[in-house]
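The whole structure should be built from the sequences, with the hints applied where relevant.
The sequence shown begins at -14 in our numbering and counts up one residue at a time.
Hints were generated in silico from the structure; no laboratory data involved. It should be emphasised that the depicted structure is a prediction, and the values quoted were computed from it without experimental measurement. Take every hint as true, because none was put in to throw you off.
The calculated DSSO-like cross-link candidates involving lysine-lysine, where the alpha carbons are at most 27 Å apart (straight line), are: (1) 11 - 240; (2) 33 - 122; (3) 251 - 44; (4) 201 - 33; (5) 201 - 44; (6) 63 - 74; (7) 245 - 152; (8) 245 - 232; (9) 11 - 245; (10) 240 - 152; (11) 11 - 44; (12) 240 - 251; (13) 232 - 11; (14) 72 - 33; (15) 177 - 201; (16) 11 - 74; (17) 44 - 63; (18) 74 - 33; (19) 44 - 74; (20) 44 - 122; (21) 44 - 72; (22) 72 - 11; (23) 251 - 152; (24) 201 - 122; (25) 11 - 251; (26) 232 - 44; (27) 201 - 251; (28) 44 - 33; (29) 232 - 63; (30) 232 - 251; (31) 11 - 63; (32) 152 - 232.
What follows is a list of derived Cβ distance ranges for each label pair: (33) 213 - 176: 31 to 37 Å; (34) 201 - 67: 31 to 37 Å; (35) 172 - 94: 29 to 35 Å; (36) 182 - 253: 19 to 25 Å; (37) 173 - 196: 18 to 24 Å; (38) 249 - 199: 33 to 39 Å.
Ideal placement from N, C-alpha and C gives every residue a C-beta, glycine not left out.
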Amino acid sequence: MADKTKTGWERENRVHFDDIVVNYDKIRWDYPDELYADIFEYSGAGHKTALEIGAGTGKATVPILNAGYDVTAVEMGKNMSAFMLEKFKEYTNFNVITSTFEDAVLQDNSYDLIYAASAFHWVDAQIGCPKVFRLLKNGGVFALLRNNVADIDDSETYDEIQAVYEKHYYTQHKSDKRPIKISKMTYEDFLKPAEIYRGFRFESMEQYGFTDITMKLYNAVRIYGADEYIALMDTMSDHRALSAENKAALYAGIKEVILKHGGQLKIDYIYQLYIGRTP
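See the structure below:
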(Lines of atoms letter the chains of each structure in order from A and count residues from 1; the text may use other names and numbers.)
(Lines give C-alpha, C1' and ligand atoms only; values in the text may rest on other atoms or scores of the structure.)
Protein backbone atom coordinates (compact mmCIF):
# COMPACT_ATOMS: atom_id res chain seq x y z
CA MET A 1 0.00 0.00 0.00
CA ALA A 2 1.27 3.50 -0.85
CA ASP A 3 2.58 5.70 1.98
CA LYS A 4 0.31 8.72 1.57
CA THR A 5 2.07 10.64 4.33
CA LYS A 6 4.71 11.58 1.74
CA THR A 7 4.59 14.53 -0.67
CA GLY A 8 7.64 13.69 -2.77
CA TRP A 9 9.28 16.98 -1.70
CA GLU A 10 10.95 15.66 1.45
CA ARG A 11 14.54 16.87 1.85
CA GLU A 12 15.99 13.40 1.24
CA ASN A 13 14.66 13.58 -2.32
CA ARG A 14 17.17 16.25 -3.31
CA VAL A 15 19.57 13.41 -4.20
CA HIS A 16 17.36 12.38 -7.16
CA PHE A 17 18.78 14.97 -9.54
CA ASP A 18 22.28 13.52 -9.66
CA ASP A 19 20.95 10.57 -11.69
CA ILE A 20 19.62 12.68 -14.58
CA VAL A 21 22.33 15.26 -15.22
CA VAL A 22 22.18 15.49 -19.03
CA ASN A 23 18.39 15.51 -19.25
CA TYR A 24 18.20 18.01 -16.39
CA ASP A 25 20.52 20.42 -18.15
CA LYS A 26 18.66 20.02 -21.44
CA ILE A 27 15.07 20.44 -20.27
CA ARG A 28 15.11 22.67 -17.19
CA TRP A 29 14.04 26.29 -17.62
CA ASP A 30 16.18 29.38 -18.01
CA TYR A 31 15.33 32.54 -16.11
CA PRO A 32 14.49 35.80 -17.94
CA ASP A 33 17.30 38.20 -18.83
CA GLU A 34 15.38 40.98 -17.08
CA LEU A 35 15.59 39.09 -13.80
CA TYR A 36 19.38 38.92 -13.94
CA ALA A 37 19.54 42.57 -15.00
CA ASP A 38 17.60 43.47 -11.85
CA ILE A 39 20.02 41.45 -9.71
CA PHE A 40 23.00 43.25 -11.23
CA GLU A 41 21.38 46.67 -10.80
CA TYR A 42 20.51 45.87 -7.19
CA SER A 43 23.99 44.52 -6.46
CA GLY A 44 25.80 47.49 -8.05
CA ALA A 45 28.83 47.84 -10.28
CA GLY A 46 32.36 46.53 -9.70
CA HIS A 47 34.23 43.24 -9.59
CA LYS A 48 32.30 40.94 -7.32
CA THR A 49 32.27 37.47 -5.78
CA ALA A 50 29.21 35.22 -5.88
CA LEU A 51 28.18 31.96 -4.23
CA GLU A 52 25.48 29.83 -5.84
CA ILE A 53 23.58 27.40 -3.62
CA GLY A 54 22.43 24.16 -5.24
CA ALA A 55 23.83 25.03 -8.66
CA GLY A 56 22.73 21.80 -10.34
CA THR A 57 24.14 21.80 -13.87
CA GLY A 58 24.78 25.54 -13.88
CA LYS A 59 21.56 26.69 -15.55
CA ALA A 60 21.58 29.93 -13.55
CA THR A 61 25.37 30.16 -13.38
CA VAL A 62 26.12 31.34 -16.92
CA PRO A 63 24.61 34.86 -16.64
CA ILE A 64 26.46 35.51 -13.38
CA LEU A 65 29.77 34.30 -14.81
CA ASN A 66 29.28 36.34 -17.97
CA ALA A 67 28.61 39.43 -15.88
CA GLY A 68 32.15 39.09 -14.51
CA TYR A 69 31.45 37.68 -11.07
CA ASP A 70 33.84 35.16 -9.55
CA VAL A 71 31.42 32.30 -8.88
CA THR A 72 31.74 29.49 -6.35
CA ALA A 73 29.04 26.87 -6.87
CA VAL A 74 27.96 24.63 -4.00
CA GLU A 75 26.39 21.44 -5.32
CA MET A 76 25.87 18.22 -3.38
CA GLY A 77 25.67 15.92 -6.43
CA LYS A 78 28.99 14.48 -7.58
CA ASN A 79 27.73 14.02 -11.14
CA MET A 80 26.30 17.53 -11.23
CA SER A 81 29.60 18.96 -9.97
CA ALA A 82 31.60 17.05 -12.57
CA PHE A 83 29.22 18.23 -15.29
CA MET A 84 29.74 21.87 -14.28
CA LEU A 85 33.51 21.53 -14.15
CA GLU A 86 33.44 20.36 -17.76
CA LYS A 87 30.78 22.88 -18.82
CA PHE A 88 32.70 25.83 -17.39
CA LYS A 89 36.25 24.62 -17.98
CA GLU A 90 37.04 27.71 -20.06
CA TYR A 91 36.05 30.06 -17.23
CA THR A 92 38.81 31.12 -14.87
CA ASN A 93 36.27 32.77 -12.57
CA PHE A 94 34.47 29.53 -11.61
CA ASN A 95 34.95 26.81 -9.03
CA VAL A 96 32.70 24.21 -7.43
CA ILE A 97 32.43 22.68 -3.96
CA THR A 98 30.72 19.29 -3.78
CA SER A 99 28.71 19.52 -0.58
CA THR A 100 25.36 20.41 0.83
CA PHE A 101 25.17 24.11 1.63
CA GLU A 102 24.62 23.32 5.30
CA ASP A 103 27.93 21.38 5.46
CA ALA A 104 30.06 23.47 3.08
CA VAL A 105 33.11 25.06 4.72
CA LEU A 106 33.10 28.70 3.59
CA GLN A 107 34.68 31.93 4.76
CA ASP A 108 32.50 34.52 6.50
CA ASN A 109 32.24 38.04 5.04
CA SER A 110 33.49 36.84 1.66
CA TYR A 111 30.70 37.25 -0.91
CA ASP A 112 28.96 40.16 -2.59
CA LEU A 113 26.13 37.97 -3.86
CA ILE A 114 24.68 34.67 -2.67
CA TYR A 115 21.86 33.22 -4.74
CA ALA A 116 19.88 30.07 -5.39
CA ALA A 117 17.69 29.23 -8.38
CA SER A 118 14.84 26.81 -7.62
CA ALA A 119 17.07 25.26 -4.97
CA PHE A 120 16.78 26.96 -1.59
CA HIS A 121 13.66 25.00 -0.62
CA TRP A 122 16.01 22.01 -0.25
CA VAL A 123 18.08 23.84 2.40
CA ASP A 124 17.29 23.78 6.11
CA ALA A 125 16.48 27.50 6.35
CA GLN A 126 17.17 27.68 10.09
CA ILE A 127 20.76 26.78 9.24
CA GLY A 128 20.94 28.23 5.73
CA CYS A 129 19.63 31.76 6.25
CA PRO A 130 21.92 32.68 9.17
CA LYS A 131 24.82 31.12 7.26
CA VAL A 132 24.07 33.26 4.19
CA PHE A 133 24.00 36.34 6.42
CA ARG A 134 27.42 35.46 7.87
CA LEU A 135 29.00 34.69 4.52
CA LEU A 136 27.94 37.96 2.89
CA LYS A 137 29.98 41.13 3.10
CA ASN A 138 28.35 44.23 4.55
CA GLY A 139 25.74 45.28 2.00
CA GLY A 140 25.95 41.90 0.31
CA VAL A 141 22.97 40.60 -1.63
CA PHE A 142 20.85 37.49 -1.03
CA ALA A 143 18.79 36.60 -4.14
CA LEU A 144 16.33 33.73 -4.46
CA LEU A 145 14.92 32.73 -7.84
CA ARG A 146 11.91 30.51 -8.42
CA ASN A 147 9.49 29.61 -11.19
CA ASN A 148 5.80 28.82 -10.86
CA VAL A 149 3.28 27.38 -13.29
CA ALA A 150 0.66 30.10 -13.54
CA ASP A 151 -1.71 28.47 -15.97
CA ILE A 152 -2.12 25.84 -18.66
CA ASP A 153 -3.65 27.63 -21.61
CA ASP A 154 -6.29 25.03 -22.49
CA SER A 155 -8.58 24.36 -19.51
CA GLU A 156 -9.91 21.13 -21.01
CA THR A 157 -6.38 19.78 -21.39
CA TYR A 158 -5.57 20.89 -17.85
CA ASP A 159 -8.63 19.13 -16.42
CA GLU A 160 -7.87 15.90 -18.28
CA ILE A 161 -4.26 15.94 -17.08
CA GLN A 162 -5.50 16.47 -13.52
CA ALA A 163 -7.70 13.38 -13.91
CA VAL A 164 -4.58 11.38 -14.79
CA TYR A 165 -2.90 12.74 -11.64
CA GLU A 166 -5.89 11.70 -9.55
CA LYS A 167 -5.46 8.12 -10.74
CA HIS A 168 -1.70 7.68 -10.71
CA TYR A 169 -0.16 10.45 -8.57
CA TYR A 170 -2.50 11.19 -5.67
CA THR A 171 -2.95 7.50 -5.01
CA GLN A 172 0.64 7.69 -3.70
CA HIS A 173 1.24 11.29 -2.58
CA LYS A 174 -0.79 13.28 -0.07
CA SER A 175 -3.92 14.70 -1.68
CA ASP A 176 -3.92 17.76 0.61
CA LYS A 177 -0.52 18.79 -0.76
CA ARG A 178 -1.71 19.37 -4.32
CA PRO A 179 0.18 21.82 -6.52
CA ILE A 180 -1.60 25.17 -6.30
CA LYS A 181 -2.93 26.69 -9.51
CA ILE A 182 -1.88 30.32 -9.10
CA SER A 183 -3.22 32.02 -12.24
CA LYS A 184 -5.47 34.28 -10.16
CA MET A 185 -2.81 35.28 -7.62
CA THR A 186 -1.93 38.96 -7.27
CA TYR A 187 1.45 40.59 -6.65
CA GLU A 188 0.45 41.02 -3.00
CA ASP A 189 -0.26 37.29 -2.69
CA PHE A 190 3.39 36.47 -3.38
CA LEU A 191 4.42 38.66 -0.43
CA LYS A 192 2.33 36.73 2.06
CA PRO A 193 4.32 34.61 4.55
CA ALA A 194 2.44 31.48 3.47
CA GLU A 195 3.51 31.95 -0.16
CA ILE A 196 7.10 32.84 0.69
CA TYR A 197 7.22 29.76 2.88
CA ARG A 198 5.74 27.57 0.15
CA GLY A 199 8.36 28.74 -2.33
CA PHE A 200 11.46 29.11 -0.18
CA ARG A 201 10.70 27.26 3.09
CA PHE A 202 11.02 30.22 5.44
CA GLU A 203 8.66 33.09 6.20
CA SER A 204 10.72 36.20 5.52
CA MET A 205 14.22 37.56 5.01
CA GLU A 206 13.49 40.20 7.67
CA GLN A 207 13.49 37.60 10.43
CA TYR A 208 17.12 36.79 9.60
CA GLY A 209 18.30 40.41 9.55
CA PHE A 210 18.16 41.24 5.83
CA THR A 211 16.99 44.70 4.74
CA ASP A 212 15.88 46.54 1.56
CA ILE A 213 13.80 43.50 0.63
CA THR A 214 11.69 43.27 -2.48
CA MET A 215 9.88 40.73 -4.64
CA LYS A 216 9.76 41.07 -8.42
CA LEU A 217 7.71 38.97 -10.82
CA TYR A 218 8.32 38.12 -14.47
CA ASN A 219 5.99 36.47 -16.98
CA ALA A 220 6.97 33.94 -19.63
CA VAL A 221 5.25 31.45 -21.94
CA ARG A 222 6.61 28.05 -22.99
CA ILE A 223 5.17 25.51 -25.43
CA TYR A 224 6.08 21.85 -24.88
CA GLY A 225 5.65 18.79 -27.03
CA ALA A 226 4.37 15.69 -25.24
CA ASP A 227 7.75 13.99 -24.82
CA GLU A 228 9.42 17.28 -23.88
CA TYR A 229 6.84 17.96 -21.18
CA ILE A 230 7.19 14.47 -19.73
CA ALA A 231 10.98 14.90 -19.72
CA LEU A 232 10.49 18.09 -17.72
CA MET A 233 8.17 16.37 -15.23
CA ASP A 234 10.77 13.63 -14.81
CA THR A 235 13.18 16.23 -13.39
CA MET A 236 10.75 16.96 -10.52
CA SER A 237 11.54 15.24 -7.24
CA ASP A 238 7.92 14.39 -6.44
CA HIS A 239 7.53 12.65 -9.81
CA ARG A 240 10.82 10.79 -9.44
CA ALA A 241 9.70 9.61 -5.99
CA LEU A 242 6.68 7.81 -7.46
CA SER A 243 6.71 4.05 -7.74
CA ALA A 244 7.87 2.77 -11.13
CA GLU A 245 4.34 1.57 -11.89
CA ASN A 246 2.65 4.85 -10.97
CA LYS A 247 5.24 6.93 -12.79
CA ALA A 248 4.97 4.92 -16.02
CA ALA A 249 1.17 5.10 -15.95
CA LEU A 250 1.20 8.83 -15.12
CA TYR A 251 3.55 9.68 -18.00
CA ALA A 252 1.62 7.51 -20.46
CA GLY A 253 -1.63 9.19 -19.44
CA ILE A 254 -0.21 12.70 -19.73
CA LYS A 255 1.22 11.93 -23.15
CA GLU A 256 -2.11 10.57 -24.35
CA VAL A 257 -3.92 13.75 -23.27
CA ILE A 258 -1.40 16.09 -24.91
CA LEU A 259 -1.43 14.15 -28.18
CA LYS A 260 -5.23 14.13 -28.12
CA HIS A 261 -5.23 17.94 -27.93
CA GLY A 262 -2.85 18.66 -30.78
CA GLY A 263 0.48 17.45 -29.41
CA GLN A 264 1.48 20.64 -27.62
CA LEU A 265 1.01 22.11 -24.16
CA LYS A 266 1.20 25.88 -23.64
CA ILE A 267 2.15 26.94 -20.12
CA ASP A 268 2.27 30.42 -18.61
CA TYR A 269 5.01 30.85 -16.03
CA ILE A 270 5.55 33.41 -13.30
CA TYR A 271 9.18 33.78 -12.23
CA GLN A 272 10.01 35.26 -8.83
CA LEU A 273 13.01 37.22 -7.63
CA TYR A 274 13.06 37.57 -3.84
CA ILE A 275 15.99 39.75 -2.89
CA GLY A 276 17.48 41.54 0.10
CA ARG A 277 20.81 42.64 1.51
CA THR A 278 22.81 42.70 4.73
CA PRO A 279 22.96 46.04 6.56
